[in-house]
Amino acid sequence: MIATVVSIALQLSLVLLLSPLVSGIIKTLKARLQTRRGPGILQPYRELHKLLRKGMVIPESASWIFSAAPIVVFSTAALVSLMIPMISAAAPLSLFGGVLAVVYLLGLGRFFLALGGLDTGTPFGGLGSSREMTISALAEPAMMLAIFTVALSANSTNLSEVAHSAIGQSWRFLAPSQVLAFAALFIVLIAETGRIPVDNPATHLELTMIHEAMILEYSGPYLALIEWGAWIKQLILMTLLINTFYPFGLSTDMGLLNLATGCASYLLKLLFLSALVVLVETTNAKIRLFRVPELLAVAFVLGALALISTFLF
Amino acid sequence: MNSFPTTGLFVGGLAAYALGSISGFLFRISPATARRAGCGFGLLGAVLQGISGLAALLGSSVEWSIPCAVPLFAYSFSLGAVSAYFTVALSLLAASVSIYSFGYLAGMEKGVESGRKLGLLTFFYNALLLSLSVVFTASNAFLFLIAWEMTSLAGYALVTFDHKSEESRSAGLLYLIMSHVEAGCLLLGFALIGQHAGSLDFHALRQAGGLLSPPQQACAFLLFFLGFGIKAGVIPVHIWLPAAHPVAPSNVSALLSGIVIKAGIYGMVRVFLEFLGVVPNWMGIAVIVVAVTSAILGVLYALMEHDLKRLLAYHSIENIGIILLGLGAAMMFQTAGYPRLAAFAVIACLFHTLNHAVFKCLLFLGAGSVLHSTHTKNMEELGGLNRRMPWTSLFFLVGAIAISGLPPLNGFVSEWLTYQSLLAGFGAEKGLVGLMFPIAGSLLALTGALAAACFVKAFGITFLALPRSPEAENAQEAPTTMLAGMGILAFACFALGIGASWFLPVFEGITRELVGVSARGDLTLAHGFVISSGTPHGGSVSTAVIALMLLALGAIPAWFLARRFAVRRVGPTWDCGLPGLGPENEYTATAFSKPLRMVFAALYKPRREIQTVFDVSPYFPKSIHFESEIEPTFENRIYKPVQAMVYWISLRMRAIQAGSIHAYLAYIFVTLVILLLFGVRP
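Quick note, the sequences are listed as chains A and B, same order. So the first sequence is residues 1005 to 1317, counted in my numbering. So the second sequence is residues 2 to 683, counted in my numbering.
There could be a bad hint or two in this list.
Some chain A residues judged to face chain B by a derived CB distance under 8 Å, without partners named [as the list claims (entries may be wrong)]:
# : residue
1 : P1063
2 : E1064
3 : L1099
4 : L1119
5 : S1140
6 : L1142
7 : S1157
8 : F1177
9 : S1313
Where chain B lies over chain A, by a calculated footprint (3+ residues, C-beta under 8 Å) [claimed, not checked]:
#  : stretch
10 : 1072–1082
11 : 1126–1133
12 : 1197–1203
13 : 1273–1286
14 : 1301–1312
I should point out that these hints are in silico values taken from the structure, not numbers from a laboratory. Please read these numbers as outputs of a predicted model, since none were measured by experiment. Every residue, glycine too, gets a C-beta built ideally from N, C-alpha and C.
Could you build all of it, start to finish, from the sequences and the hints given here?
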């Protein structure tokens, strides 16, 4: 019991502290790759600090849903982060929710965020909500297929079990099914975190916004909670990707040395994946909104192929 | 006679429904009395039956019969685990709808004409409850079919309640035709298996499965699947459902979509798992294919609706699909010899049946409240109700979260169970068939995400932001009784979701009855706190812990905000510098679903028409007329040709319908001779 509480506290603080950093690293790497200086990797912390001290302006037409949405977004993301293995293969709340709970809890956060966008009464809010729900709906089956591929080869939907089974066969990531599933899930990661080519996180251009349009009316601490929640979600999806496919270094016990190795390898893998995301973002242009379904269809097909190849090989 | 209390309570419940029905008819000149008596007896019947159902579900099953001169047509009832479960679901809904109706029907007393009709409404309302409760508990096919027909007819009367509107009448006619096709299929189906069993008693029918030859079994399967499928509203025989459910009074729509269509599920569970014996694999596959089609097309059509009640009706089709996924998987596991997995899939199927009944009833009642106070169900004219009708809005939100399958409410638990049984299917079925399960699972994920999108639209456009019409502007909160009815169901959504791991042991008797094993030991872990997928390491979830952690993690920022950051200013919404942001600037329901309409254009075949009227320059239009519609594919591709064919045949048949009595006598004589020849032949 005490061990669980301690591990919850540790993992929660790790997630809360690390998620802005990952975002900062991605921004800085992207700037460097585009031969800009960039704001520095600590910028997200400064933003959080600033936003949390500011006052808020609530739109006249909004109801309590507008105020509830940031809290739901933040708490669902924080809860999900406790269900996935990060440094140790045993996630603190793994028993209480596997990968299905992860997907549906993130869905709960999105549900409220989209309602918050509609609650403002501006056309932007509605536009963002509508696009966000469309894209996430199309990303969902691809995500599930890729996850099923992993879950079926591990015979479990609990992420700690999946990680344990992956550690047992450390070269499995070379199997065709795993490669295909990784590719599918990577596309989903791009779509779900609103990165180029699906959405541009840096834009406030009216007609191309998705995520930013939805949260346009939020300010102060509410905006801080939403941004923080989005960073946590990004960290969650990245962790899901690296720890289920490449579980190297994941600690299987609570020994200090193992945990230190786990920590180091986790950060290293995160850095690699961030670099990959940056590379994709820099080498691609944002595609038109109505081309996004095609990209997600590719992810779905990759997921289906992954599943078929588990069956063949 | 130790079973007396259960039996007595059940019969008492039937009597209360009957009394409610009769008193509604007798007091039709005094609307207030008819309403009180009708709703009161409805509530009483629901409470009595609910208690007896719970007693039978938790204790032992009860059987009794009313003696009848003709043995084949015995009036026998059985309150076995499955029947008791459906009775409990019916009672829960009937109780909350009856409470709701106290307030809902009060508004109808004022009008002279509607006051007179109110008595008839309570008459048919109670008749529907009475006949449905007999459907769920009859243990003889003859009694079952009588009650079935009564349900259909009472349903018809309620659908055409507003008989002056053309929409109601044509929907009612369609409903009546489909109900009779369905009743015909069931009659033939029961005749087919009853002939082998030598009796119409359900006990005898259970033994009949082994006696059927494969073609007969296939025939029976198709007849029952079509018959029960029409009742349940599976695609492609769904077309009556989105027409009929929305036009009925809202309290009745809640029952129709909540529990009446579940009679189809009840029938399928009984027949496919009990009466047909060991079914070949293709039947399970057929059920799964139909289930996936219904789920996806149901939600896709729902997305295009902006009539709140029609939208909900299409979601019933979607959820029937999800329910049937569990049933199909159970049939396949049973055939493949995995009774434990079959038990698990049956639990997924039946738990979703109950959950859907609860949240769909809640949502229809919520839509009814909106209709009651704004007199419109067109979402494009609503908005801003969250501030004007806070409780209705809250209850509708609970229902919306539950139906979208989001944790920690009840819809999530049953969808989780469905996913787990589908994943188990991959391991259980060898060969390519196994691949069908994860694909179905991923399509279930698509359905769930689209449903969430649809309910963001339904709740967001109807209840949030600014009102789009004066009716919505002046909306009043619904009366207390209506809120109480919805409150019970909203509480049930929470209780069945968060308390799911304590509720699941209820299924022990049911799985024992249907597949012969008990899954009790495998279902929960950690002192009942966690729901497990039944296989070691398979997967587990705990909605109780999720709810607790969400509360704890949400409380920290909420507390923080309340303490330190009191600076909250209410300001005007950003209007891009143009003066005045009004309701006409808001996103509409049509606009919200536009991206999906474009993505799935191949299915919808959308057609739109824009007419601009301008004086001098096209850049300054005086008025713009916009019209958009999607093609009703099934009506155009399947039903229109069938209708044309029936017309054609009828025209040809007119040749022998001369209207002369001599000709008809001759026909009767010839038919008699032919039948006699058949009879005489050895």
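Taking the closest Cβ pair, is A/L1119 under 8 Å from chain B? 5 Å, holds
Would you settle whether the hint for A/S1140 is holds or violated, based on the nearest Cβ-Cβ distance to chain B being less than 8 Å? Nearest chain B Cβ about 6 Å off; hint holds.
Once the shortest beta carbon distance from A/S1157 to chain B is found, is it less than 8 Å? 10 Å, violated
Verdict on chain B covering the stretch 1197–1203 of chain A, where coverage means 3 or more residues with a C-beta closer than 8 Å: violated (count 0)
Residue hint A/E1064, partner chain B, criterion CB-CB below 8 Å: Since the shortest Cβ distance to chain B is 6 Å, the answer is holds.
For the stretch 1273–1286 of chain A, does the count of residues with a C-beta closer than 8 Å to a C-beta of chain B reach 3? Not satisfied, violated; 0 residues make the cut.
Holds or violated: is there a CB of chain B closer than 8 Å to the CB of A/P1063? This interface hint holds because 4 Å falls under the 8 Å limit.
Interface hint compliance - A/S1313 to chain B, C-beta minimum distance less than 8 Å: A/S1313 check fails; min Cβ-Cβ to chain B is 11 Å, beyond 8 Å.
Coverage assertion for the stretch 1301–1312 of chain A with respect to chain B, Cβ distance below 8 Å, three residues required: holds (count 5)
Chain B contact restraint for A/L1099 - C-beta distance below 8 Å: 6 Å, holds
Claimed coverage, the stretch 1072–1082 of chain A by chain B - three or more beta carbons nearer than 8 Å: holds (count 7)
Mind taking a look at whether chain B covers the stretch 1126–1133 of chain A? Criterion is 3 or more residues with CB to CB distance under 8 Å. holds (count 7)
Consistency with the previously given hints fails for numbers 7, 8, 9, 12 and 13, ordered from lowest to highest.
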